[in-house]
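Chain order of the listed sequences is L and P.
With positions in the first sequence counted from 1, the corresponding number in the working numbering is that position plus 3.
With positions in the second sequence counted from 1, the corresponding number in the working numbering is that position plus 8.
Everything labelled a hint here was simulated from the structure, so no lab data went into it.
One or more hints might be untrue.
What the hints assert, rightly or not - Below 25 angstroms or equal to it, Euclidean Cα-Cα: the simulated DSS-like pairs (lysine-lysine) are:
1. K44/P / K206/L
2. K77/P / K377/L
3. K77/P / K204/L
Said to hold, decoys possible - Sample of chain P residues lacking proximity to chain L, with all beta carbon distances greater than 10 angstroms (derived):
4. D56
5. G103
6. D143
7. L155
8. K169
Stated by the list, open to error - Simulated DEER-style distance windows between Cβ atoms:
9. R172/P / E462/L: 39 to 45 angstroms
10. E166/P / E462/L: 33 to 39 angstroms
11. A249/P / R503/L: 45 to 51 angstroms
12. L128/P / L437/L: 31 to 37 angstroms
13. H24/L / D70/P: 55 to 61 angstroms
14. A76/P / R503/L: 19 to 25 angstroms
15. D325/L / N183/P: 41 to 47 angstroms
16. A65/L / A249/P: 40 to 46 angstroms
17. D498/L / E166/P: 57 to 63 angstroms
Quick reminder that beta carbons are idealized off the backbone N, C-alpha and C, glycines included.
One-letter residues, chain by chain:
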Amino acid sequence: MSRIVGIDLGTTNSLIAYMDHGAPRVIPGRGGRTLVPSVVAMTDNGLIVGDPAKEYLVRDPARTIYSVKRFMGKSLEDVAEELKYFPYRLHEQGGVIRMQIGEKSYSPPQISAMILKELKLRAEAHLGEEIRRVVITVPAYFNDSQRQATKDAGMIAGLDVLRIINEPTAASLAYGLEKRTQGIIAVYDLGGGTFDISILKLKDGIFEVLATNGNTHLGGDDFDRRVADQVLTEIRSRRGVDLTGSPDSLQAVRLEAERVKIRLSDELKTTAVIELPDGKGAHRVEVTRDQLESWTGDLVEDTLGPCRLALKDAGLDPAEIDEVVLVGGATRMPLVRQRVQELFGKVPHSELNPDEVVALGAAVQADILSGSTKDLLLLDVTPLSLGIETMGGVMSPVIRRNTTIPASAKEMFTTYVDGQTSVDIHVLQGERELAKDNRSLARFQLKLPPLPAGVPRIEVTFLLDANGILNVTAHDVRTGLSQTVAVKPSYGLSDEEVERMIRESFKFAAEDLKARQLIEARTEADAILHATEKALRFGGHLIGAEETARIHAALAALQRAKAGEDHRAIRAKITEVEQVTHHLAEVLMDSSLKEALQHKKLSELP
Amino acid sequence: MDQTGKTSAGRTELQMARSMCWHCQSEINGEYFCEKCVKVQPLSKELDYFTCFGLPRHLKIDLLALEAKFYELSRAFHPDFYQNTSESEQSISLGNAALLNTAYHTLRDPIQRAEYLLHLEAGSAKDIRTAPPADLFEEILELQENLEEFRSLSPDAEPDKHARLRARLEAERENLERRQQAMDGNLNELFLRWDILQARADATKALTPSKQAVLKDMRDLLSHRTYLRNILDDLVTTLEAGKGHETHESHRRH
Numbered sequence: 004m005s006r007i008v009g010i011d012l013g014t015t016n017s018l019i020a021y022m023d024h025g026a027p028r029v030i031p032g033r034g035g036r037t038l039v040p041s042v043v044a045m046t047d048n049g050l051i052v053g054d055p056a057k058e059y060l061v062r063d064p065a066r067t068i069y070s071v072k073r074f075m076g077k078s079l080e081d082v083a084e085e086l087k088y089f090p091y092r093l094h095e096q097g098g099v100i101r102m103q104i105g106e107k108s109y110s111p112p113q114i115s116a117m118i119l120k121e122l123k124l125r126a127e128a129h130l131g132e133e134i135r136r137v138v139i140t141v142p143a144y145f146n147d148s149q150r151q152a153t154k155d156a157g158m159i160a161g162l163d164v165l166r167i168i169n170e171p172t173a174a175s176l177a178y179g180l181e182k183r184t185q186g187i188i189a190v191y192d193l194g195g196g197t198f199d200i201s202i203l204k205l206k207d208g209i210f211e212v213l214a215t216n217g218n219t220h221l222g223g224d225d226f227d228r229r230v231a232d233q234v235l236t237e238i239r240s241r242r243g244v245d246l247t248g249s250p251d252s253l254q255a256v257r258l259e260a261e262r263v264k265i266r267l268s269d270e271l272k273t274t275a276v277i278e279l280p281d282g283k284g285a286h287r288v289e290v291t292r293d294q295l296e297s298w299t300g301d302l303v304e305d306t307l308g309p310c311r312l313a314l315k316d317a318g319l320d321p322a323e324i325d326e327v328v329l330v331g332g333a334t335r336m337p338l339v340r341q342r343v344q345e346l347f348g349k350v351p352h353s354e355l356n357p358d359e360v361v362a363l364g365a366a367v368q369a370d371i372l373s374g375s376t377k378d379l380l381l382l383d384v385t386p387l388s389l390g391i392e393t394m395g396g397v398m399s400p401v402i403r404r405n406t407t408i409p410a411s412a413k414e415m416f417t418t419y420v421d422g423q424t425s426v427d428i429h430v431l432q433g434e435r436e437l438a439k440d441n442r443s444l445a446r447f448q449l450k451l452p453p454l455p456a457g458v459p460r461i462e463v464t465f466l467l468d469a470n471g472i473l474n475v476t477a478h479d480v481r482t483g484l485s486q487t488v489a490v491k492p493s494y495g496l497s498d499e500e501v502e503r504m505i506r507e508s509f510k511f512a513a514e515d516l517k518a519r520q521l522i523e524a525r526t527e528a529d530a531i532l533h534a535t536e537k538a539l540r541f542g543g544h545l546i547g548a549e550e551t552a553r554i555h556a557a558l559a560a561l562q563r564a565k566a567g568e569d570h571r572a573i574r575a576k577i578t579e580v581e582q583v584t585h586h587l588a589e590v591l592m593d594s595s596l597k598e599a600l601q602h603k604k605l606s607e608l609p
Numbered sequence: 009m010d011q012t013g014k015t016s017a018g019r020t021e022l023q024m025a026r027s028m029c030w031h032c033q034s035e036i037n038g039e040y041f042c043e044k045c046v047k048v049q050p051l052s053k054e055l056d057y058f059t060c061f062g063l064p065r066h067l068k069i070d071l072l073a074l075e076a077k078f079y080e081l082s083r084a085f086h087p088d089f090y091q092n093t094s095e096s097e098q099s100i101s102l103g104n105a106a107l108l109n110t111a112y113h114t115l116r117d118p119i120q121r122a123e124y125l126l127h128l129e130a131g132s133a134k135d136i137r138t139a140p141p142a143d144l145f146e147e148i149l150e151l152q153e154n155l156e157e158f159r160s161l162s163p164d165a166e167p168d169k170h171a172r173l174r175a176r177l178e179a180e181r182e183n184l185e186r187r188q189q190a191m192d193g194n195l196n197e198l199f200l201r202w203d204i205l206q207a208r209a210d211a212t213k214a215l216t217p218s219k220q221a222v223l224k225d226m227r228d229l230l231s232h233r234t235y236l237r238n239i240l241d242d243l244v245t246t247l248e249a250g251k252g253h254e255t256h257e258s259h260r261r262h
């Protein structure tokens, strides 16, 4: 049997991990970095993913997609409020969001599939074998549509998704394996775009989830937005410049806000530097940790409500939690740690890298599925109640939230009118009393023989499988015949669409290693051409004419190489440009720009 | 696969859907794996939850033993361990695990356990209505009125009245919580009485008049308890929302 690997498909970063002689290990890329930024850019050179794509966030915001996970399994209406934060254009088609990139539009699962392919290639290069079978993690609080969309993404990427597992549960697997923990643990997982709390009992290798809660629209991104909004307001009032109309400036502010937030986890104050357009120079804003905490304190509080609900559902007091584990990059913020500690009354654990622990756990689950261990078993729950709409628009639960999955429930249906030949069934997910306040999952129609009212008896089985995904079957109790049920998802791709996307995906040039290397080299060449031209504009007067000419010659050579098909030739010319601009970079560093450019290499100039 | 080793021969607590292995057609003796071809066998759809765990129909349950059995059966049936098997085996594992999980969740909770037993012994549990206890009727009517008024009151406009009403509702909450505890005590007694009758009458499965009486009392008590529980949930939610603690969603309990 081929190897199974684990994937953490994150809002901000994604990772892929495997089991290496009994220990989970994250697979690094060429540069040694384990994180692949969940960013996809459509460049003139082709499609790029990860670190190289990240550079395009500012250079070409309209064609560079980030945080796609926030759109998985969603309708446009669901995300209407936050659209203003995104520079790309979205529309909806058949209940699925489409993201416009240049001429073409893509569904969120297609974009996610591009990230998955990047991870697949990374693993294949590292392990030297083809990877097809994977475990992918999702936030515990993901509903059926979001899980299905993640599975679709895997299929589009040409992967066999053996299991969808919950991120906090995955983290507990990695943690429990490492620490040999027994007892009750709470996993507090604040990621880039989602928040989960899961409470588990660890006993003799069984990881039983007792309760889970969360918010699939609350994460590190929201903290960045708060900081960015403050910076934008400050620039408007101090400098009279409104950046909200300029997507690339907005993107630059967002990225700087993220860096400020990260720095403030270690420092008490830091400076945000924003370059203003039209040569207005750089604007500098000092931000203190106190300020950050006053802007975002309510977001931290918003995570505590779900924690209390999860404790209540598990029937536990905070004092009964033996250990608290932090997961997700956003848990590095001191305020988060402090509030979590206050709630549970104990110092939370963060020994394992909060960025990697979910991927490590996915690798452990992959190992369990491969059959190589029977010592560990994960018993997870469904985060949301599953129900059907009954008379008067009321939601009638059939499987309660926090029920261990797989779970099934049977409901009997009959007719109200003589000769009625069908019954419409509307499946919902959520905790609200009224059907309309819950998430519509699917609709389907039961076929009935024309009989007097109340005589037909159709038994419908709702089954949540181990992925937390719904399957529906029906059978006629009178005749014993089974009925196939064509469930139409309310939000999500149809099977035909997924199939079409699988076919289309093979057309992406990135599939081919050589094409991919060429795209990457060209992209890097673009970045360095861009940066050098900018450096010449800023500091051309500081160097001699002969040096300027040498640089121009090197740039021209790189341009020619870029037009060719040989990625090695392009890389060679990139190195040459780097050599001849070395002195220019130093001069620039020494000049008045030094401060504004501190800690930056020439190639990192915006 | 070594699960067969764990299931000692001769145990007959599990009813199988068929007495014959679906795969090799050899005879099955109430085990969940065929002795001959080691394939997992589907649990019968008619299997009741008590039998599933090898328990008599008693209402006092050793929760630790129940959990241990749940873990043991989970290790036997969970789909994780059937990834590399045939589609039929995967489907059986899925069905068995789903049944097992439902059974465990039902039996673990004393209220659900009692409702399930009522359903088994005396027909549908859906007959359990929510009815107010007769002696509490007046009190509950008054409470409903106070709740309505409290919700419509603005704490800023009439702070004194708001505080007075809150104090009254808090007192009522304590009162009802005590009442619920008393009901739980009564329920516990009924559980014990049922178990004694069951143990005595183990030979006969018949529903004796004394058993029927216990079941009736239990049904009434459960319907009162559900009613009280709903009122209390409403009360607690209102009081806590008033404090500024937002509760994200309404949550129902038994």
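How the hints compare with the structure:
{"no.": "1", "hint": "K44/P / K206/L", "verdict": "violated (32 angstroms)"}
{"no.": "2", "hint": "K77/P / K377/L", "verdict": "holds (17 angstroms)"}
{"no.": "3", "hint": "K77/P / K204/L", "verdict": "holds (16 angstroms)"}
{"no.": "4", "hint": "D56", "verdict": "holds (14 angstroms)"}
{"no.": "5", "hint": "G103", "verdict": "violated (7 angstroms)"}
{"no.": "6", "hint": "D143", "verdict": "holds (29 angstroms)"}
{"no.": "7", "hint": "L155", "verdict": "holds (17 angstroms)"}
{"no.": "8", "hint": "K169", "verdict": "holds (29 angstroms)"}
{"no.": "9", "hint": "R172/P / E462/L: 39 to 45 angstroms", "verdict": "violated (54 angstroms)"}
{"no.": "10", "hint": "E166/P / E462/L: 33 to 39 angstroms", "verdict": "violated (55 angstroms)"}
{"no.": "11", "hint": "A249/P / R503/L: 45 to 51 angstroms", "verdict": "holds (48 angstroms)"}
{"no.": "12", "hint": "L128/P / L437/L: 31 to 37 angstroms", "verdict": "holds (33 angstroms)"}
{"no.": "13", "hint": "H24/L / D70/P: 55 to 61 angstroms", "verdict": "violated (41 angstroms)"}
{"no.": "14", "hint": "A76/P / R503/L: 19 to 25 angstroms", "verdict": "violated (50 angstroms)"}
{"no.": "15", "hint": "D325/L / N183/P: 41 to 47 angstroms", "verdict": "violated (35 angstroms)"}
{"no.": "16", "hint": "A65/L / A249/P: 40 to 46 angstroms", "verdict": "holds (43 angstroms)"}
{"no.": "17", "hint": "D498/L / E166/P: 57 to 63 angstroms", "verdict": "holds (60 angstroms)"}
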